[in-house]
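Kindly produce the complete structure, drawing on both the sequences and the hints.
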Amino acid sequence: MGRFVIRRLLQAIPVLLGTTFLIFAIVYALPGDPIQALAGERRVDPILAATLREQFHLNDPLIVRYGYYLRDIVSGNFGTTFRGLPVSTIFEGKFAVTLKLATTALLFEAVIGIGLGLWAALRRGRWEDKAILAFTLLLVSIPTLVSGFVLQLVLGVQLKTSLGIAFFPVAGVQDGIRSYLLPGFVLATVSIAYLTRLTRTSLMETLRADYVRTAVAKGMPRSRVLGRHALRNSLIPLVTYLGADLGALMGGAVITETIFNLPGIGQQLFTSVYLRENPVVVGIVTVLVLIYIVANLVVDLLYAVLDPRIRYE
Amino acid sequence: MSNDTLPAESAAPSAQPAKQEKPASLWSDAWYDLRHNKVFIIASIMVSLFVAVSAFPGLFDTVGVAPVTCQLAESRQGISAAHWFGTDNLGCDVYSRVMHGARVSIVVGFVSAVVTGLVGGALGLLAGFYGRWVDVILSRVAEIFFAIPSILGALLILSIIGRDNAGITSVVLALAILAWPMILRIMRAAVITAKHQDYVVAARALGASPGRIMVRHILPNAVAPVIVVSTINLGAFIAGEAALSFLGVGIQSPQISWGLMIADARNRFLEAPLPLLFPALFLSLTILSVVMLGDAVRDALDPKLR
Amino acid sequence: MRVTKGAQIVAGTALLALAVAACGGGGESSGTGSTAGAGGAAGAVRVEIAEPQHDLIPGNTTETSGAEVLNALFVGLVDYDAEKKPYNRVAESIESPDATTWTIKLKDGYKWHNGEPVVAQNFVDSWNYTANGANAQEGNYFFGSVKGYDEMNPGEGKTPTATTLAGLKVVDDKTFTVELKNPFSGFPTMLGYTAFYGLPKAAFESEGKLKADFGGNPVGNGPFKISKPWKRGTDQTISTVRNEEFMEGKAKIEAVDFKIYTDLNTAYNDLRAGNLDIMDQLPAEQIASAKQEFGERYIEQPSSGIGYIGFPIKSGADYAKNKDIRKAVSMAIDRKTITETVFSGTRVPADDFISPVVPGYRQGACGETCNYDPAKAKELFTSAGGPSMGAIELGYNADGGHKEWIEAVANNLRTNLGVEVTPKPVEKFATILDDLGAKKWQGAFRMAWIMDYPSPENYLRPQFGTGGSSNYSGFESKEFDDLVTQGDAAKTLDEGLPFYQKADDLVLEELPYIPVYFYQTNGAYSANVKNVKIDPFERIDLFNVEKA
Numbered sequence: 041m042g043r044f045v046i047r048r049l050l051q052a053i054p055v056l057l058g059t060t061f062l063i064f065a066i067v068y069a070l071p072g073d074p075i076q077a078l079a080g081e082r083r084v085d086p087i088l089a090a091t092l093r094e095q096f097h098l099n100d101p102l103i104v105r106y107g108y109y110l111r112d113i114v115s116g117n118f119g120t121t122f123r124g125l126p127v128s129t130i131f132e133g134k135f136a137v138t139l140k141l142a143t144t145a146l147l148f149e150a151v152i153g154i155g156l157g158l159w160a161a162l163r164r165g166r167w168e169d170k171a172i173l174a175f176t177l178l179l180v181s182i183p184t185l186v187s188g189f190v191l192q193l194v195l196g197v198q199l200k201t202s203l204g205i206a207f208f209p210v211a212g213v214q215d216g217i218r219s220y221l222l223p224g225f226v227l228a229t230v231s232i233a234y235l236t237r238l239t240r241t242s243l244m245e246t247l248r249a250d251y252v253r254t255a256v257a258k259g260m261p262r263s264r265v266l267g268r269h270a271l272r273n274s275l276i277p278l279v280t281y282l283g284a285d286l287g288a289l290m291g292g293a294v295i296t297e298t299i300f301n302l303p304g305i306g307q308q309l310f311t312s313v314y315l316r317e318n319p320v321v322v323g324i325v326t327v328l329v330l331i332y333i334v335a336n337l338v339v340d341l342l343y344a345v346l347d348p349r350i351r352y353e
Numbered sequence: 100m101s102n103d104t105l106p107a108e109s110a111a112p113s114a115q116p117a118k119q120e121k122p123a124s125l126w127s128d129a130w131y132d133l134r135h136n137k138v139f140i141i142a143s144i145m146v147s148l149f150v151a152v153s154a155f156p157g158l159f160d161t162v163g164v165a166p167v168t169c170q171l172a173e174s175r176q177g178i179s180a181a182h183w184f185g186t187d188n189l190g191c192d193v194y195s196r197v198m199h200g201a202r203v204s205i206v207v208g209f210v211s212a213v214v215t216g217l218v219g220g221a222l223g224l225l226a227g228f229y230g231r232w233v234d235v236i237l238s239r240v241a242e243i244f245f246a247i248p249s250i251l252g253a254l255l256i257l258s259i260i261g262r263d264n265a266g267i268t269s270v271v272l273a274l275a276i277l278a279w280p281m282i283l284r285i286m287r288a289a290v291i292t293a294k295h296q297d298y299v300v301a302a303r304a305l306g307a308s309p310g311r312i313m314v315r316h317i318l319p320n321a322v323a324p325v326i327v328v329s330t331i332n333l334g335a336f337i338a339g340e341a342a343l344s345f346l347g348v349g350i351q352s353p354q355i356s357w358g359l360m361i362a363d364a365r366n367r368f369l370e371a372p373l374p375l376l377f378p379a380l381f382l383s384l385t386i387l388s389v390v391m392l393g394d395a396v397r398d399a400l401d402p403k404l405r
Numbered sequence: 008m009r010v011t012k013g014a015q016i017v018a019g020t021a022l023l024a025l026a027v028a029a030c031g032g033g034g035e036s037s038g039t040g041s042t043a044g045a046g047g048a049a050g051a052v053r054v055e056i057a058e059p060q061h062d063l064i065p066g067n068t069t070e071t072s073g074a075e076v077l078n079a080l081f082v083g084l085v086d087y088d089a090e091k092k093p094y095n096r097v098a099e100s101i102e103s104p105d106a107t108t109w110t111i112k113l114k115d116g117y118k119w120h121n122g123e124p125v126v127a128q129n130f131v132d133s134w135n136y137t138a139n140g141a142n143a144q145e146g147n148y149f150f151g152s153v154k155g156y157d158e159m160n161p162g163e164g165k166t167p168t169a170t171t172l173a174g175l176k177v178v179d180d181k182t183f184t185v186e187l188k189n190p191f192s193g194f195p196t197m198l199g200y201t202a203f204y205g206l207p208k209a210a211f212e213s214e215g216k217l218k219a220d221f222g223g224n225p226v227g228n229g230p231f232k233i234s235k236p237w238k239r240g241t242d243q244t245i246s247t248v249r250n251e252e253f254m255e256g257k258a259k260i261e262a263v264d265f266k267i268y269t270d271l272n273t274a275y276n277d278l279r280a281g282n283l284d285i286m287d288q289l290p291a292e293q294i295a296s297a298k299q300e301f302g303e304r305y306i307e308q309p310s311s312g313i314g315y316i317g318f319p320i321k322s323g324a325d326y327a328k329n330k331d332i333r334k335a336v337s338m339a340i341d342r343k344t345i346t347e348t349v350f351s352g353t354r355v356p357a358d359d360f361i362s363p364v365v366p367g368y369r370q371g372a373c374g375e376t377c378n379y380d381p382a383k384a385k386e387l388f389t390s391a392g393g394p395s396m397g398a399i400e401l402g403y404n405a406d407g408g409h410k411e412w413i414e415a416v417a418n419n420l421r422t423n424l425g426v427e428v429t430p431k432p433v434e435k436f437a438t439i440l441d442d443l444g445a446k447k448w449q450g451a452f453r454m455a456w457i458m459d460y461p462s463p464e465n466y467l468r469p470q471f472g473t474g475g476s477s478n479y480s481g482f483e484s485k486e487f488d489d490l491v492t493q494g495d496a497a498k499t500l501d502e503g504l505p506f507y508q509k510a511d512d513l514v515l516e517e518l519p520y521i522p523v524y525f526y527q528t529n530g531a532y533s534a535n536v537k538n539v540k541i542d543p544f545e546r547i548d549l550f551n552v553e554k555a
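Chains as they are written, first to last, in this note's numbering: chain A, 41 to 353; chain B, 100 to 405; chain C, 8 to 555.
Worth flagging that the hints you see were computed from the coordinates, not collected in a lab.
Note that the coordinates shown come from a computational prediction; the quantities given were computed from them, not determined experimentally.
Misleading hints may appear alongside valid ones.
To be verified - When the alpha-carbon atoms are kept at most 25 Å apart in a straight line, the in silico DSS-like pairs for lysine-lysine are as follows:
| # | chain 1 | residue 1 | chain 2 | residue 2 |
| --- | --- | --- | --- | --- |
| 1 | C | K330 | C | K431 |
| 2 | C | K257 | C | K298 |
| 3 | C | K298 | A | K200 |
| 4 | C | K554 | C | K154 |
| 5 | C | K343 | C | K431 |
| 6 | C | K385 | C | K446 |
| 7 | C | K165 | C | K154 |
| 8 | A | K200 | B | K137 |
| 9 | C | K498 | C | K92 |
| 10 | C | K165 | C | K208 |
| 11 | C | K330 | C | K298 |
| 12 | C | K188 | C | K176 |
| 13 | A | K140 | C | K238 |
| 14 | A | K200 | C | K537 |
| 15 | A | K200 | C | K554 |
As the list claims (entries may be wrong) - Computed footprint of chain B on chain A; a stretch qualifies when at least three of its residues, placed anywhere within it, have a C-beta under 8 Å from a C-beta of chain B:
| # | stretch |
| --- | --- |
| 16 | 56-64 |
| 17 | 98-108 |
| 18 | 131-144 |
| 19 | 226-239 |
As the list claims (entries may be wrong) - Pulled a few chain C residues facing chain B out of the computed Cβ check, cut under 10 Å:
| # | residue |
| --- | --- |
| 20 | K257 |
| 21 | P290 |
| 22 | A415 |
Here a beta-carbon is modelled for each residue, glycine too, at the ideal position from N, C-alpha and C.
Quick look at the structure:
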């Protein structure tokens, strides 16, 4: 297993190079002048523009700029934004916020998604199953923006103004874990739908497997059959999904972060793409790739734990 | 918990095909099942209806969607005989727009879901089945695409392809190119589980070719999670298309899509909920019919249910 | 010259997915609040802002959020009364015999937060710093009218021959003179804006070089001072406390926290929940409910912005080059219904190129051109050959919440003129500006303008003057240029008005842009505070705000 892990981590190097180059090239190829983007709707001063172009190597070809970037990264320098803010300052704290948000969402996903899926599978074809299906469809077709805004309004504002319960903060991160409850749930909504359906299907498959029938036939208690045999073997697709989703939650939380005014990485990524700030975009994506790689590695290791027949190869 | 005899039995008839007759293969069995499945029939009718609407929206609308039919003075009205679903912020008839919006949404949703399902599914099957360097290469390439958040990546891609090429094809491409790695991971996981099952080991011992093992034995047992994720992806793609149009790089007015309607209506949904609710309702119905269809197909393919 | 300001106006109909991107110039999004969090002193008045785009340096601040904070920390030479007329604040007098050389005398008693007295040199140092192209200050262009500016900013590829403005001279501690390139009677109206604040000696590390940490911990001369250095990109709150030594007396509130939000809807919900006290811009879709919910605490007043539809009249498509078509388009736009429904009354129909907030505005100056008259519009359009000129393109930036009104205008034109209209969204406004600059943009485009200083000149020359810094339509007229120059040279602003108005008439006649709507300021405040006033730059007069 040790060798397996080391091999996988070594394989991460080409992946990192590939991703950073891919994103670097994409941002490079984007139409629009980054210096003009900086000035917004005003025309940029030519002297200022020339100075900045020089400073950020904007006149050099792609591969040279990528080279400069790699050189800086190796020496531990993530670069600065066009507005003079070091990228490391941007990272400071923002990743923590997003990681907390994504973890909260992942917990909601796992608990609610697997819970509902389990219930639906056990009640297959009855009204509970159908109600859960309707609920998941609702989650998929109502945009996060709407669900986020409604929850903020009802639980954040109206609960406080009408009942005096200020449990859910409207926005910001000043209230510790409570600050992450609503946004975490909102971020998790679509994924809850995936996990619910996935759990239901996966569990129904295993419930029909022979070893489960055997266990039932042996007279093993229902709860034990579920926990020991059925659920454990159904978990593989679920942890695969959860592992892959962590990165998506971190990079794609821009709407949730905006609604709840959480200073996270999703917003930053969006702003930086908008401003064509290569160093920030590439820096963030690099960290996201690392998270993906580690998450996927952990998931691959879990396969063997969940199903002893699977071996690392 | 070993005697995995059932699948072996079900594989038996197809393993000794009677050349003179039509072979009762797994797939033809499934088709027989489906034709007698109520859920499948209802879902098929619903899907056909949606396809009909998206092919000939003009047959279903009431006032048409030519922008000249929008009267700003009739902005944000409720349900009436003239406007079955009310009007939106610009005074356009929501019902007619829902009918006309079906085409883009359904095409983008279906095509993207099918493309990612096939590509991700096929690659996941290979990665999971062969393991070793095949897995290393495919999985690592997937990881390269994985780290780019989907809507953001699609936005970037469409910005490069250029706003002049903004059409359904580019949107599908931009959405699909970042979504297949997830399917690959799901399929790979399912295949890894399935290939250690006894019936696969047995088939291998009997000297079945890798291709046959993959298609006959592993695929039917590993495809369920992919179908599940793909059906929900369909909804996510429709929403993704909206986000892109909204950002100015996707489908553009005067073309309409459900996603775009939802996006346009969301700011004022407290004041005027109808322009948001109706496209969302139709989006739900589409996903519902596809989910039902997916469940039915999966059940029909499952040899253990026979 | 500001074409439009940043997030605040853009966010009028902010679309959330874009709220981040929609920061006009795009802000670095807000920082981690974990450290600042609730921030500041208990009982501080909490004011909503977007994240300032730069550190808190007056010369580098041309967007409203930074200006809002700096307005609490600094006072300028002049300020503006309810009629938008300048009155002296730090200045004792601002006089000129010929509108070219201005003598500015300072009052006694103003002090910087560190105890230094405010002297004439402070203004000269600050202005020289901002006017120096090498310092890359956003407010640089404000000094373009001062003598010596061209030597400091000779243009791309040339070496500057000066590092200070030749037109600035310190006479004594309390007096300095400013020599302009050309006479400009409206000069005093410029001096209240952020870029014209002075800077204390302590701000400079050496001559002409600002201390690196000044922008996070600025030393001002205003009613409030920074209580905790602000880290841009990290802190979500900028905390200030009352300056007990302020020359004009103590402010009535002890502390002000500026809370950074990326979305107006979020801030509005915080306002309703009592976590925020003052917002000077509300989300358009909440206006109706805000009026009811806040009653007397709801603020509605004209603001300086104007929204247009522009045409490249020299290099554009046939329809863009044709004056009658432009007039027909203008007459086919139902401004009243658009402002009432699409904007929920947060904008009002425009009828002049000069905003109602500055002297010189004439109600109905646009005449029948800005009146909704579909029949006449169609007639004019047909007789000018419009039907054979192809589809009209309407460009707009997708990041600013312009889609709805552009679509509404498009529907107006389709219905009333029978013409095909293609709304054409682009990712951001800069794309349109680039294309216009390169003469590649053929169709119509949306445009907006916010004043830099309350003078009609600011609405005319930059946008329509020959070689104007924001002249995107290609409008050129010697007569127009002469009239504006004559207006500038008049002894007083009032005497200059007739000239500006004649110049205005020329633009209205040629119609390179179609005025569509005037912006409005829509704000609200919590029951914690009272006496909240907002100035024409949309800055809150925090000095006079009281606890309720």
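*asked:* Of all the hints numbered above, which does this structure not satisfy? Sort the numbers upward.
replied: 2, 4, 6, 8, 10, 11, 17, 18, 20
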